[in-house]
Each structure stands twice: as C-alpha cells, then as structure tokens.
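As a plain string of letters, each chain reads:
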Amino acid sequence: MQVSDYKRLSCRIPEAPLKGIDEVVNRWIGACRRRAEILQQLERDAETVCGLQKELGNLDDHHLQQKLFHHREQARRNGHLKEDLIPSLAAVREAARRQLGLHAFPVQIMGALALHRGMLAEMATGEGKTLTAALAAVLCGWTQHPCHVVTVNDYLVTRDAMWVHPLFRFCGVRVGAVTASMDSAQRRKGYEADVTYTTSKELLADFLRDQIRVQPIAHPTRRLIRRMLSPQAFSKEMLVQRGLHTAIVDEADSILIDEAVTPLIISSSRPNPSLTEAASLASELASELDPEVDYTKNLRYREVEFTESGLAKLAERCGRLPGLWRGPERRSEIIRQALVAREFFIRGKQYIVESEKIIIVDEFTGRPMPQRTWREGLHQAIEAKEGLKFSDPSETIARMSFQRFFRCFRRLSGMTGTAAEAANELWQIYALPVIRIPTHRPCIRVQQPDLWFPSRESKTEALIRDIEQLHKQGRPVLVGTRSVAYSEELTTLLTGKRIPCQVLNAQRQQAEAEIVALAGEPGKITIATNMAGRGTDIRLGEGVAGLGGLHVIATERHESGRVDRQLFGRSGRQGDAGSAQVYLSAEDDLFTRHLPVSVQKLLPRPSSGSGMPGGIMARGLVKAAQAKAQRMAWKQRLAVLRADEWLKDSLSFTGNNG
Amino acid sequence: MADATSTFSESWYRVSSQKVYIREGVRIRRQNFRGERWHVLENPFNNEYFRIRPEAYAFLARLSPDRTVGEAWQECLDENPDTAPGQEQVIQLLAQLYLANLLHYDSASDASELFSRYKKRRERELRAKLVNIMFMRFPLFDPDRFLVRTLPSIGRLFSLWGLLLWTVVVGYGLKLVADNFGALREESQSVLTPENLPLLYVGMILIKTLHEFGHAYVCRKFGGEVHVMGVMLMIFTPVPYVDATSSWSFRERWKRILVGGAGMIVEVFIAAIATVVWAKTSPGVLHNLAYNMMFVASVSTVIFNINPLLRFDGYYMLSDWLGIPNLSQRANKQLRYLSERFLFGIRKAQPPTTHRKEASWLVTYGITSGIYRVIVFGGILLAIGDHFFIIGLIMAAVCFVSWVTVPCWKFLKYLASDPKLDRTRPRAIAVSCAIALLLIVFFQFIPFPSHFRAPGIVQAQTWSEAITVSAGVIEEVPSKPGSRVRKGDLLARMSNRELELELQQAQAAVAETDARIRQSTSGGGVDVKPLQQRLAALTNRVEKLRSDLNGLSLVARHDGLWVAPELQDAKGRFVAKGVRLGLLADPSSFQFIATVPQEDGDALFARRILGGEIRMRGEAGDVIKAENWKPIPGAQRILPSPALGWRGGGEVPVAMDDPNGQRAAEPFFEVRADLAASEEALLLHGRSGRIRFQLESEPLLPRAVRRLRQLLQKRYQL
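As given, the protein sequences belong to chains A and B, one line each in that order. Taken in order, the first sequence gives residues 215 to 872; the numbers are from the working numbering. Taken in order, the second sequence gives residues 209 to 926; the numbers are from the working numbering.
Just so you know, the hints here were simulated from the structure itself, not pulled from any lab data. Note that the coordinates shown come from a computational prediction; the quantities given were computed from them, not determined experimentally. Watch out, some of these pointers could steer you wrong.
Stated by the list, open to error - Not close to chain A: a few residues of chain B, all C-beta gaps over 10 Å, as computed:
no.	residue
1	SER214
2	ARG222
3	VAL223
4	PRO289
5	TYR306
6	LEU384
7	SER506
8	SER625
As the list claims (entries may be wrong) - Chain B side only, calculated, beta carbon under 8 Å to chain A, not exhaustive:
no.	residue
9	PHE216
10	VAL228
11	ASN309
12	LEU311
13	TRP369
14	LEU371
15	TRP374
16	SER536
Backbone N, C-alpha and C fix where the C-beta goes; we use that ideal spot for every residue, glycine too.
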C-alpha cells in the first residue's frame, strides 16, 4: 500500500463514548484538564512570547523570515514544535504585526497556544479570533499535516483567507479556501494548500464524496490490485482532500454542539410515485380528522396519537391509499406523519416557502438550510399541507453527522465566545478541554434585568414602544429573535410606524455581514435571527458610545444560555459601552415546552403591559427550563452518537464506515 | 435507534445496495411455539441459535448473491405490505445476524473489527462468569466422537426395551425402599456428618457424570451434536456438565423434553441399582457408597433438577412443554411490562406476549421463581457463611452487590433517566416512592406478634435427693421405689459394721478417760486438764459416729414420690458416702426452669412479656400455661439438668471438658415459672420441654436487624 494513499485516507477512528463509571471518571479527568493551572501556564507562556518582542522587533524582514523558515524546517522535520513553540510563536506574532498591522495581545497569544495544544478557547466576541486562529494555523501549516480552519459561512471563509494571506505567505505557508461555489478542481487546489479555510459543511461534504469514491476500493488489497491493473484509473484526481489531521473550529459550540447531530447527507433524488401519492392522500385524510376527538397531541415530544374513534375513521377510509399503505400499521404511520406536519410544523418557524419549495429553518440558529430535507414522508407531508408540488424523495448515498465527523480529527481545537456551559459535553465527546481566556479589556456591558409581560402580544407592543424610544434617542438597537416569522412580524410593525429597520435572517451571508457591521451606527435598528451575521464585529458609530452604546434586545430566552450570551455579546465588545435586555412572557416556547404545567403557574404574569422585572424565582425558573432543554438536547445527541456507534459496529460488513 | 416499526430508516442506504445472505451451512428449522411458527437458525460451528419470526424469515429467504437487500425488501413489501419488516427492523435483523456470524457478506470485513468483536465477546463471557459466580463453568473436552462411537451399544438402552428394563429396576428399587424404610431413615441421620462427606461427594460425582451422559446420549441419538463437556463449580463444588443446546433445534417438542429429562431418568435408574446394592450388602464402603448415591439421586433430583424454579433440567423441560423459550427472561419482561404499564403508566410499554395464557404462565413463573431463588440462595449463603467465615463474607458481599446494590442502582438510574419514562417520570417516581414507603412502613412500623423460646425442665416445687450420709451396705428398702412415701418414712436402711465397731471403740475410750479423770481428781488433780480435753474430743467423736450410724437409715424428708430405679435390687450392695440413691419429688406442684440464651436476654429483661406457654417434649399438642415467671437476673453456667445440654440430648451447647455435660458453653439466664394446673399434660419431675414467651408485638425490621447483629456478634465477635 502506498504511503500517500494511507495519508490521504487516514483519519482517527473515534472510540465509542464512555458509559457508567468510565464516564464519571472521564468527567473528573475533564475537570482536571480545565483546571486553573492550565490557564496560568498559558498566561506565563504568553508573557514569554511577548517578552521576545524586543529582540525580534530589531530584526529586518529578511532576517525575520530566515528565522521563520528555520522554525518551519524544524517543524517539518520533526512533525511537531515542542521546544521551538515559544520562539516560533513570537516570530509569527512579529510577522503578523508587520504584515497585517495587528499586534497580537497577550490574550490572543494565549488563545493561539490553547489552540495549538488542542483545547477549546473561550474568547469573548471582538477579541480577534481570526488573528488567533491564524497564528495557530501558521504553526500547524509548517508541519505539513492537513490543517483546516473551519468558520461559519462562505463569506467569512473568503474574507479570512484573503486577510491572512500576507501573513501566511511571509511565513512560508500556502493558504487555500474552499467555498460552496467551487468546482472540484478548485476544491482540490484549496485542500492541497498547507492551511485550508473552509466551512464545516464543505469539509464534511468533500470528505463524504471522497469516501464514496474510495468505497469500492476501500480494502487495501483491492486497491493494490486495481492499481496494478490500471494505474491511470487511480489517479490523484480521484480525491480532493488530503486526509483529516488538524481542525481549528471557529464558533465551535454551534458547530460541535448545536448543529452536531444534524447529519450531512449526500443524496440523489429519485421519483417515488407511491410515496408522493400516499403523502397527498394522507394529507387529505388527515384533514378529515379532528384534534382531540380523533387524535391527541403531545407538544413536548411532537407526537400525535390516535384515539379509538380516529382509528375507526381511518379504517373506514383506508381503501383509497395505494397498495403499500393499505395495511393498518403503515397506514397510521403515514397519516400520523401528515398530522405531525399539520400540528407541529409551522411555516416561518420550522420552515419557509421560497419559490415553491420548502426550505427548512434550523430551529436553533434560525437559519434556512436549503439542502436539508426531512426524513422520508415528512417532507412530502409538509409539501402536501402547503399545497406545493412534490419534490422527489431523496435517496441517501452517504450520511454523517458533524459530531461523528469532528471526532475523526487527530487534533481538534476550537474557539468560541460561549462554551463553558457545555464544557462536559465537549470533553466527553471531543476530548476538548474548555479554557476561558480573559478579555483584553474588561467588559462594561450593562445587563438589565429581564422584563416579564403578561402575554406575547403585550410583549410585542412593549418591544415596538421601547425600540421607538431608543430610536428617538439615536441609540442603535439590535433585536434578536428566535424565528424568521417573528423577525418578519416585528419588521412589519416597525415599518408600519415608519421606523426604518434592517432585517436579517441569515440568507445572504455577505450582505448580512455588511449590515451587521453597520448595526452600531447611530439610530440603526437591526432585527436578526440568532445566527445572522455571526462572526462579524459590530463597531460603534460616531457618538454612540456616549449614548450608552449598542442596545441588544432578546425577544425570548433561548433553549441554551450559550446562545443568549452570544446575542448579548454583540454589544460591549472590546470594552465598548453597551447594554442588553431580555423580554419574556410565560407564553414563550421555552417555558411551555420545558417546564411542567404545574411549575409554569409560578412564572411571573404581571397584569400591566409595561413589563415587570422578574425576581429570584423567575430567574431560577428560566435557568431550570434552560437546563432541562439542554439536558434533553445532550441526551439526544448522545443517543445519536451511540446509535451511530452501534451502526458502525453492527453494520461493518457493509464496508462504509460513515 | 429510531422507532423500530417505521417503514423507512435513515440508515437504509448503508445496507440497501449490499448483497448479503445467510451463510452456507447455517441450518434453519421450523418450530412451533404455542401455536406460532418460528424459524430457528443454527450456527453449526458454535452451536448458537437464533430464533426469528416468519415475516423476518420471509425476508431472509429472499436474500441471495444476485439480489441486493433493497430489492429483497421491496419484494417483501410488494407481496405483503403490512407484515413485511420495516427498514429499521431489517437493519437490526441484519446486524444481529452479522454479530452472530450467520451472515455472508462480500466486502472483506475489517480484520481489526473482527478482533475487537472477539475481544468484546470474551469480556462479556468473563463478566457473565463472574456474575454467575455460583455456577461457573469450565469447558474441558469435546465428547462428540466418543458419543458417536459408543452410541450403537449404549444407545440401545434408550429404547422400548430400555424403558421396560428401567421400569423393572426402578420398581424393584422402590419395593426395596418400602421394605427397608426403617433402616433407610436411620442411616439418613448420618449422611451429613463430616466423616461421610467425602463419600457423599464421590457418590455425587459418579451419579452426576452418568446424569450428564444421559443428556448427551439422548441428544446425540436424536441427531444433536454435543461438543462441550466440562466442569461446573456449583457453589464451589465441582460437578460435571454437558452442553446439549443442540437439542434446541429439534423440531419435535417431546424430543427436546426428553433430552432435558434424560439426566434424571438415568439418575433414577442408578438410584434404583444403588438401592439394590445397598439392600443386599452389609455395612462397608460399598454399602455406604450405594446409600450416598441413592441419597444424592433422590435429593438433588427433587431440590434442583426437576424443580423448574431454578435453571436446571426442570426449567428447560417446563419451558419446552409450555412452548415458551427463554421462559425466565420472558417472565421478567412480563413482570416489567406489567409494572411499567400499570404502575408507571407507560402506555407504550410493549408486552412480551399477547396470549393471555402465556402471560399468566409468565407472571406465575416470574413471581414463584423469584421468591424461590431468594430462599434457596439465602439458605446457601447462610450455610456457607456458617462453615467458612471468610468465603461466606466475600460471597455475601458479592451477592449483596450483584443482587441488591446493582439492581437498586440500575433501578434508580432507570427512574432518573430512562427515556421510556420521560412522560410519566413523576408518576413512576411517586409510585416507586410509595411502594418503598409502604415496604418501610410495613417492616419498620407495623408490629407483628413476637415471641421467643427457651428449653427448660420441669421440677417439682419440693424435691430432694436421697444421698447417703455414710457408707454402708444396703440392708433393706422398705419403701418401694416408685411408690408414694410420707414424711418420716424409711426409705433405705443400711448397715456398717466398721462404724459400729468404731463407735464401740470410741465409747470404750470415753469410759477409760472418764475413769482416769476421776482417778486423777482424787490423786491431786495435776493431769486433769489434758484429760478433760481428750474426753471432750472423744465425746464429739462418739456423737459423730452416732449420727453417722443414724444416717444409715434414709428417711423421707417430705411427702412425695420415691424415685430410685437403681435401688430395686441393691440389697447387700455397698454404697459409698455421698452417693445419690434416689429422688424424692412432691408431685402436687411443679415448676418449670427455663434456660434462656443470651440473645434473648434483651427480650427477657427489657421488654414486656405478655404470657408464657410450655410444651413438653413429646407432647407438643398440649399447652401448659406458665404463671409467675421469675427471671433470675444473673448469668449462670450450670444447667438445671444435664438433659438440657447437648450431651444429654438437649439443645444447649455444653462445655466439652465437662464430664457431666452440665456446664453450658455459654452463660444463660434462668427463668423459673409456675405451671398452671393442666389435666392433659403429664407432669413429671425432670421432664424437659420448651417455654414460649409471648412478647409485645414488634415490627419486623428492627427485629431482623437485632438478630443479624447478634448473629454477627456471636459468630464473628464483631
């Protein structure tokens, strides 16, 4: 077997997640790896790096480059940078100062060291994560192991890759970028570079496509025979990637946790008339059933169950369904799906309709996911409900969750603004210890107490009123919503009052990044779903700081406290002034879904519509609901991972390991 | 894993294009269980079985080298849309077959994966071995070839003629048992004595080996292969075992039952032969060995083999007879289902069966076997703990962990985090707490009648022993032993010539001294003082001798029954001084003297005793009420009668170095109680019996805790 083959295909084979006592012990180990001494060590090392500045600052460019190349040779020869780490990093820092004009703060050096040591660095928004990642990426690029810097969207990929280019060139590292619009030749070029900037989606999709290509010859013996028979057929062009070794993941929490179980699916669509016909008939039959009489629904688990009368009704009308669906089991399955589509999938919340097509909205991020489809039947059921033309059901060719994928890297590290809440999960699943890097300047953002309203309507009214008032003062406002539908509702109301506002729901990334970047201008009102424009700094406009900086309003608490913090973190960056406030009502999804009905009664329900700050109890309940939601989500993710492991073990005869 | 019944699966792509099929050489047989059809897949290489439903089989049967899984599934679906397995089910089925090595697949599997699977399997087996520490198995050799070679000759025994022979021999054996029942019972007393244990063990090994060969031959005769024979450490006692699981694939139910019963059939046959040998030999090694083999064959058959509540032959026979394979697991599942469905309110809980009759069998079996198991294992633990302290302690710890801690922990985990309970968790927790509370209340607070017993002896209120005051020859026994005497009656008269002579001599000396005193007074009175002293001494001696002589006539000190069995024909016999001639007891009123062991001291002194009842030995039916009991607050060691001690056939342990057998090994408390007048009971002095003190009602748990602590304190000085 050729070494190059092995390198191209090699990736770590992750171990199954631990169970029982092993898990508990591993939890302790994780806590140990996050202990304060680790941070202090980083701090000391960062100081040493900064201390070398004087000596390096006197060198001319040529000598600095010579020094850098020397370190590069060392790294390439040894495959690592053990004793050279500190001087190398100092040299790269100096190079960044000259090439990018940015002088890395000690906290950024700490971040880069944390990344280099395979940790997850929690760094506040606006602390210069791009530079931090670039420093670590240079060190990794020198070793010539495939290194991927994973960012949130294509716009950031291109922007960051462009921005770091001078630094990388100066340090003797080739940098590439891969975005959605590229063809395979461009992709290959991107991956051939020492360091590749890309998005998680592209990275995984290319990995899967490579796997599909390799699959028939996955076995080394077969590959050898194939190569002997026709050396041309097995060319370098077959694969685009160079293998998985190092990944530096930006916004790691959203990729490694929130989107972790979302599988990326490579599929081809194939018409299935039987299914589409059944879906439309099922939708018709479902509309004849009455809620509560024929079926009951369970909000928390998004399930419906037939009552006796419902089953009888179905039995009576089943004759119209096509063959496969005529038996009682399969019949109730497809009609149940139609009912689920009707009861729990709401336009604007779970999906939007664009140009006669269903586009799924990620509930966590509020971002549309055009490539995603629901599992067989459900998608068609929703199309039937919306009266759209049926799309052909897709047939999966390869499939892998991001969770499984990122476990395949030999060296994983990441950065994010918020990770502490998920420290245990990150350790258990990815073996990533979370290290909280202090901010360069202290944060002076004012977190105003949560306001409670009697109902959703009164909350909306209050929101419009307060936005109007702030707008009059000239303060910029950023409103974070959970759903696309609500962001649109707010926009309509504001426009009705002739208040200019910008709405973003993360559909046009580049334009949005630009809009978000301007959200700090005086009097600007920006309404955004959670993930919109993530990764872009909001700089304050002229005179805004004097007014109190950017004001962030969260229209709801999110299921995860992390996402809330991300939103708040949009203001008060790098020691800027700013404030944030949450508007809540007992009718919010978070509470109706995750608190028992009896406990929901304890939530504050003020009588006036002007809003009332909640007490300790209300704060506790919010925390409880979030904790519950997080626990549920974590369990789901773990279950998916275990199911993946089970499939891997028990279906290994199929030859593919995805 | 997704809902197993759904038609489509997200992982379908992984198998749909594969061409896999059942491996060559896998035998598939059809079997009926409770009227339902099943297919049993047999892996010929390791005797592993896999039972599948006809619907799943319909799919498997379609798999072939020139068809993909997807195509086969589609065909199934077209043919029978409602019963065809869903994609998820197909995936699980294929996975299970793959893990059981029953699947042929094209792509060369990852060798490292195969190894890791093997390793996991070994680990699982080792863990199962450790958990089943009481029944550890060690496979030793493959008897198949031997069986095949010897089957032509031995196999003939398993025929109609064999049955006839069996009936005759067993019938004869039974007759001999009936004839010699008395001797049989007598010898059974000594079976468990330490001297007999080695022989008992030899007998057991012999008979169990033949037992296992019985299984093996019958199984082999019906065509099942028998590849493993070895040694099982049953409660640390090595016994042989054989793996006859290949009988599971027999289509006819009676064959499976017969294989299960073959061991016992052989055993009973051997027992009959042993009976014949035992009856026809006189005591000796062969005789004893035969007896032990009889004992093992009958006792072990009743307690272990035929009993379906433990997982021995009877269990498999019952399970085959009922047509419920995996009876025990399914019974547990059924109980679990019932509690989930009705106690915790999980509406989606799936019962293991839908047949009413099967369900009732499962419930009955589950409950009885659970209780039986607790009793048997508890007994075994106690017995082992009794004999081997350290081993007993270790085993108790292991058993406590595996039978109490682990299940409790699992249950708590299940309550806290099982997804099945997501919707009814509050109810499940409430119900569990309520049950736990009920149990606690039941055991900790509900008082139950409580009592303790103590052995004791009846004594007359007034009684005395007739003890010789001086030695002599018995001359006369005027009151007949066994008769009633009155106070002052002469019981026995003895004579002692020497005493009389001595008296005469002493009297003479007195006379002499008297004379010398008088002489001396008249002659000046110088030596009078020493003489007077001598006279006093001599007079004393005369008095003493006189009373000794009087003592030769034993007189009744009070009215009573004169009990002196030995005096009957003792006339002319010399009796030394201080010898007990007989007993004089007044039969008008009796008292009962009980020896209460220290463990019950607390009950005796600290708690209120409501009443006492005495039952005489041999007259358990008649109850005599005890009145005015009086515990003597001070530990004693000397038993009121040797009859209470071990040496005297009683139950109180006595010190080994005491020749009289009257000194108790441990101190005890004495209780004296008056006996109420009773017409039925025959009260006799010296009769032993038991007193039962009724205490105030007390809850069970504190009582058990106290008992356990006392046991530990006593046995292990903890």
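Here's how the hints hold up against the structure:
no. : hint   : in the structure
1   : SER214 : violated, 6 Å
2   : ARG222 : violated, 5 Å
3   : VAL223 : violated, 6 Å
4   : PRO289 : violated, 5 Å
5   : TYR306 : violated, 5 Å
6   : LEU384 : holds, 59 Å
7   : SER506 : holds, 46 Å
8   : SER625 : violated, 8 Å
9   : PHE216 : holds, 4 Å
10  : VAL228 : holds, 7 Å
11  : ASN309 : violated, 11 Å
12  : LEU311 : holds, 6 Å
13  : TRP369 : violated, 52 Å
14  : LEU371 : violated, 48 Å
15  : TRP374 : violated, 49 Å
16  : SER536 : violated, 25 Å
Hint compliance for this structure: hints 1, 2, 3, 4, 5, 8, 11, 13, 14, 15 and 16 are not met, and every other hint is.
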